[in-house]
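Q: I would like the entire structure built from these sequences, with the hints used as guidance.
Take a look at the letters that make up each chain.
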Amino acid sequence: MISYELIGISVLWLFLYGYLIVASIDFGSGFFAFYARLTKQDHLINRLISRYLSPVWEITNVFLVFFFVGIVGFFPDTAYYYGSALLVPGSIAIILLAIRGSFYAFENYGSKDNIVYLFLYGASGLLIPASLSVALTLSEGGFIIANGESVNLDYMALFTSPLSWMIVILAIVSVLFISGTFLAFYASRAEDAPALRLMRKFALFWSTPTIIAALTAFIYLSQHNERHYQNMMDLWWLLALSVSFFMLAMWLLYKGRRYGLAFISVMLQFFCAFFAYGIGHYPYILDPYISIQSGATHESMGVALVAAFIGGLCLLIPSIILVFKLFLFNVDYVKGKK
Amino acid sequence: MAVDTVLWSKWLTGLTLAFHAIFATVGVGVPLMIAIAEFIGIRKKDPHYTLMAKRWTRGFVISVAVGVVTGTAIALQLSLVWPNFMQLAGNVIALPLFMEVFAFFFEAIFLGIYMYTWDRFRNPYIHWLLTIPIVAGASMSAFFITTVNGFMNQPEGFTFENGHFTAVNPLQAMFNAATASKVFHVLSSAYLTGAALLAGIAAFTMLRKGVSAYYTKALKLMMVVVLLFGLLNTLAGDVSAKFLAEHQPEKLAAAEWHFETESGADLIFLGWLNAEQQIVGAIQIPKALSFLAFGDFNAEVTGLEEFPLDERPPLLVHYLFDFMAGIGFVILGVALLYFLFLFWKKRNELNKWMLRAIALTAPLAFLGVEMGWLYAEIGRQPWIVRGYMRVEEAATSSPSVRILFFVFLLLYVVLGMMCAIILRRLFRNKPADEELEKLMKEKRLHAIEMGESV
Chain A
2 MISYELIGIS
12 VLWLFLYGYL
22 IVASIDFGSG
32 FFAFYARLTK
42 QDHLINRLIS
52 RYLSPVWEIT
62 NVFLVFFFVG
72 IVGFFPDTAY
82 YYGSALLVPG
92 SIAIILLAIR
102 GSFYAFENYG
112 SKDNIVYLFL
122 YGASGLLIPA
132 SLSVALTLSE
142 GGFIIANGES
152 VNLDYMALFT
162 SPLSWMIVIL
172 AIVSVLFISG
182 TFLAFYASRA
192 EDAPALRLMR
202 KFALFWSTPT
212 IIAALTAFIY
222 LSQHNERHYQ
232 NMMDLWWLLA
242 LSVSFFMLAM
252 WLLYKGRRYG
262 LAFISVMLQF
272 FCAFFAYGIG
282 HYPYILDPYI
292 SIQSGATHES
302 MGVALVAAFI
312 GGLCLLIPSI
322 ILVFKLFLFN
332 VDYVKGKK
Chain B
678 MAVDTVLWSK
688 WLTGLTLAFH
698 AIFATVGVGV
708 PLMIAIAEFI
718 GIRKKDPHYT
728 LMAKRWTRGF
738 VISVAVGVVT
748 GTAIALQLSL
758 VWPNFMQLAG
768 NVIALPLFME
778 VFAFFFEAIF
788 LGIYMYTWDR
798 FRNPYIHWLL
808 TIPIVAGASM
818 SAFFITTVNG
828 FMNQPEGFTF
838 ENGHFTAVNP
848 LQAMFNAATA
858 SKVFHVLSSA
868 YLTGAALLAG
878 IAAFTMLRKG
888 VSAYYTKALK
898 LMMVVVLLFG
908 LLNTLAGDVS
918 AKFLAEHQPE
928 KLAAAEWHFE
938 TESGADLIFL
948 GWLNAEQQIV
958 GAIQIPKALS
968 FLAFGDFNAE
978 VTGLEEFPLD
988 ERPPLLVHYL
998 FDFMAGIGFV
1008 ILGVALLYFL
1018 FLFWKKRNEL
1028 NKWMLRAIAL
1038 TAPLAFLGVE
1048 MGWLYAEIGR
1058 QPWIVRGYMR
1068 VEEAATSSPS
1078 VRILFFVFLL
1088 LYVVLGMMCA
1098 IILRRLFRNK
1108 PADEELEKLM
1118 KEKRLHAIEM
1128 GESV
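Here the protein sequences come in this chain order: A and B. Its first residue numbered 2, the first sequence is counted upward by one per residue in the numbering used here. Its first residue numbered 678, the second sequence is counted upward by one per residue in the numbering used here.
Hint data in this document are derived by calculation from the structure and do not stem from the laboratory. Quick caveat: nothing in here was measured; it's all calculated off a predicted structure. Some hints could be false.
[As the list claims (entries may be wrong)] Covered stretches of chain A, as calculated for chain B (at least 3 residues, CB under 8 Å):
#1 70 to 78
#2 185 to 199
#3 224 to 230
#4 315 to 327
Just so you know, even glycine gets a beta-carbon here, dropped at the ideal spot from N, CA and C.
A: Now the structure itself:
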């Protein structure tokens, strides 16, 4: 019998992974839509992007809310430490999310073709992953300092740390890479050749920075948190798998075939890397203040949350499958016939 | 300095909640109206009602967008601004918070499907069925969040040891004593407000552009709903007052400026307090407070004097309570008058003054909701979890909240203005009648095509 706190953190990590993928697609799309408009290529891809994004935009946001409501529920101490330390960066993230969410709706349902909305939409798509990735940096320890009654964030240490900047860069380039691969796949399903050419170019372009940023961040991690680095090295096979999936995706994209498989490879690449990172982090949620065991909520609440989660999934999974059938994998819809 | 931070924390949270409450109320109330309109449209085969459902949905998604982002903001701010509260209470209230996200997720998915599948099903009832998960999801969200608020007023389902909650029973915490009356009041007022909003828009449009069949039908349909939920909401308010009298007497006593415990207590409406804390210029209804509190004109109502000075809510809540209740009765009165005119043939229910009154009920309803929430929150002071944690113990220690208050104020002003501009632009150049004609033409063309292919 696995303990409920382990189930809890695994489920939450899975959700964060889910957010990483869907939000990357969403954030990257916003950026590409803006970039395409700027370079007058928007007739090629923007219809494709809005066709995919329109039915799913609120769903993306919910993944994130799920994660942090869940983590505060399972590990209430996180509210105290992260909540106290992250007041300012967290508020900035809220504002960016607010701008993005509402301006997307305004642009999409309200006034068409407003470049300012599109700029806000595209720019926030890159700033949000950058600001959210700060939480990952903080979890490595050394930036949040608790002394007695108060918890503070050491901004000086954070802004001068190469690790934190590398994680920010990694977040941004990953977003563009994941999104580019997905849109290439979506364009190929829609049999939209010009859009496919453009998106394939974007995907290939952002692949190399992604892998370089990942390796650099890994090296900086070894200097910042030796324990985490060692734990990850023990999971070398997961990292190797991740790199192999990356190679597979690159090869498929380069050859220009099986775009669906290429996107799945990218998803698996990030899955392996993300879980190697997460498992290596164990047992700490915030090094060294909160560990999975010390920070967990009462057993009765943990069990109730797991039960609610299973019940919720029974409702959600069929609904999400319905969305996918109606929009994502409905060839007529993707092509714009419906 | 610390007091200052607590104050700004309250203001920041109050600001976010006050702004969110507008969109949350629309989010809970309007889906039911869309479902009703679409259903009647299919039953009566009347395209007017179908068009109502379509147009309302179009406006609704804009407000959902703002509701989503402000909801995300408040969910995060709970931890950011009140870290000690979440650390303590998170152990007990995580379950409904978690399930609220599920309920919203469910609603969001089906709203997405609903919007993009108007013409994809041959049987129109299948499309209508999609409104059920939307209405249910929205109402369940309201239910779960309200249980959390109920818990803050009536904490249950744990034992308190050395400053921590132990032996937690999440379900008991969710179904605390306050839950039933609160959920009833929140849902009935949200449906009432949703209907009042749409009735108000119909009345306002007819005032400006003259009477038309589409708006007459919309107005009549929504006024039925206003009347129904106006009555239910009055009942819910009564249930809530009786709940307070029994379980949280200081909150009712503060709202009624009821200082001394007495039987046969008078109900005090409006008025003010002079320097000696005596009530001046109020309308006093003899023994009505006893009746409101216990359904018995001679019952004993607990006064504020029985509570220590530092555990009494601010006396300002009297006005919040009176305006909330007053607005509820005004809306009910307008609805009754409308139906009186409707059935009494001598009178025109669409006369200018009637329409003006109905148009006014829309902002009034929202004001009532805001007053009600302010009363619910300020009336709980000084507690954040009644009897266990004070507000000042719960707040963040970071002085940045003061600046953040102004940053968020700016954000909400911009969002609110943008939302209004977009909604105006969305409907200004698309009058309902024009849209209806276009719709009918398309249908005819479609029918001809179908006929030819057969």
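Q: For each hint, tell me whether it holds in the structure or not.
A: Structure-based check of each hint:
1. Figure legend: the region 70 to 78 of chain A, annotated as covered by chain B; annotation consistent (7 residues with Cβ-Cβ distances under 8 Å, at least 3 required).
2. Counting residues of the region 185 to 199 of chain A whose CB lies closer than 8 Å to any CB of chain B gives 0, so the stated coverage by that chain is violated, three being the minimum.
3. Check result for the region 224 to 230 of chain A against chain B: violated, 0 residues qualifying (beta carbon to beta carbon below 8 Å, three or more required).
4. A stretch counts as covered by a chain when three or more of its residues have a beta carbon under 8 Å from one of that chain; for the region 315 to 327 of chain A and chain B the count is 7, and the coverage holds.
Comparing the model with each earlier hint shows violations of hints 2, 3; every other hint is respected.
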